[in-house]
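Residue numbers (our numbering), protein chains in the order written: chain A, 560 to 814; chain B, 5 to 242.
Some hints here could point you the wrong way.
Unchecked claim - Distance windows between CB atoms, simulated:
id, chain 1, residue 1, chain 2, residue 2, range
1, A, Y562, B, S23, 45 to 51 Å
2, B, E231, A, L724, 47 to 53 Å
3, A, P613, B, Y226, 25 to 31 Å
4, B, V69, A, F706, 36 to 42 Å
No lab work stands behind these hints: they were computed from the structure. Positions of the beta carbon are idealized from the N, C-alpha and C atoms, including for glycine.
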Amino acid sequence: MDYTFHWAKMFSGEPAQWMWEGFCTTMQISIISLICAMILGIVICVLRMTPFKPLQWFSLAFTEFFRNTPLLVQIFFWYNASYFVIPTVINNWMNDLYYWFPGPFSLFGHEFVGEWMLFNVELIMGIIALTVYTAAFIAEEIRAGIFSIPKNQLEASRAVGLSFLQGYRYVILPQALRIVIPPLISQALNLIKNSSLVMVLGVTDLMYQASQIESYHAMPFEAFTVALLIYLAISLVVSLCINLYNKHFMIQVMY
Amino acid sequence: MHWDIVYNNFDYFLYGNTSLDWHFPFLHNPEGLVASVILAIFGIFGAFWLGLAAGLMRLSRNKWVKVPSVCYIEMIRGMPLLLLIFWFYYLAPVITGQNMPAFSTTMICFVVFTGAYVAEIVRAGVVALPKGQMEAARSTGLSHAQAMQLIILPQALRNMIPSFVNQFVSLTKDTSLAAILGVIELTRTGVQVDNREMVASFEIWIAIACLYFMICYILTSYSRRLEAQLSRYQARNR
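Let's have the full structure, built from the sequences with the hints guiding it.
Spelled out as structure tokens, the structure:
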């Protein structure tokens, strides 16, 4: 065992700056794709609930396909092969996006210089892949949450005199959301962890920066350990939040 | 469209350059889909025993037994698999003093990673059983270990099978990460053929995705049927 550790070098100069930038990128990707995935997931879930059969089949196929194929394959698909599905106009627009954000700008309290690309094609494709993949899971979870409320609750609310929408608004959704939110948060956590995969496209996220420190400064062990601790810190904080939430807001449903 | 490229390389996707060694009944240097499946099967088999041990340790009242398994489970569940793979890839030579083949590296990582999730499944399965089962077993004169082995685990394991299949599905999907270390499994064969042919990205990635989808979908639908079958004959809290 003739490996010398350089822990101090990790926390100053270039490595520290790279790790910080990587952390910011990871958080940006996660937040953007989480918001998009929530919207898409809700849309897919609503499509699944409509009485119109073809829409149901579409959303069923969507969730089954994207849940049962690896994220890495999906990322490769969106980056290498999506020009076939995405119209040329949008493709060109995405390629030009870089020129729309050339100057320095600040995000999350960090000053990004022009050569640090925020919206390049790789990042957009990574975000699309993460969004679609997570949306399939989110749709299933919301659906499971709403289905776990007994159907006679809606019938009872109709009998009391509420309209269909009011029944959802006042009776079903308040209960369903309490059930759904913890799995949604853990899905968000999964999204943050999964976002490490976009490094294969060359997006400069935390994983990518760690492997860059490995190759530039020859400190593989330190770099990956620091990245590990950062991911661990994020997930521990989030799971602490879930536990607090469960303690305060979960209703004990009695059947 | 160039579906003929997919057709011509389909055997490469399935088993790569795998050669059968006729002296031994196992494969040398598995590649392609065969490698993915082997990684998944060995991963889940190792993870089952590791997860069973960690899950039972997690349930122990002894602090010195419980704390290490809690640390293991929380730590592994808190980090991405890709990070674990890279970390172990650079750690293994430091410990053993020699390079480790990427195939074994990733397989060990899959076992360690999935083990933590299996441990949580085991814990949930045991906790979900009514407390009376353990009490009744103890009152008939069985020791704690005997009661666990003869009464609790047979029931809990049956309860766990559906979530276990789900874990197997997600491990099958996760085996694609071995491609990043250069193991020539299904995803890597896709990258190789894509880079060689250059014109058929769409067809190749659709074909690869469909291959993964078939395996995983068969498993999920099987798990659904299993769940319906096994939900009877169970001791329950309700």
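So, going through the hints one by one against the coordinates:
1. Y562/A to S23/B: 45 to 51 Å: Taking Cβ atoms as reference, Y562/A and S23/B lie about 36 Å apart, which means the hint is violated.
2. E231/B to L724/A: 47 to 53 Å: violated, 34 Å
3. P613/A to Y226/B: 25 to 31 Å: holds, 27 Å
4. V69/B to F706/A: 36 to 42 Å: holds, 39 Å
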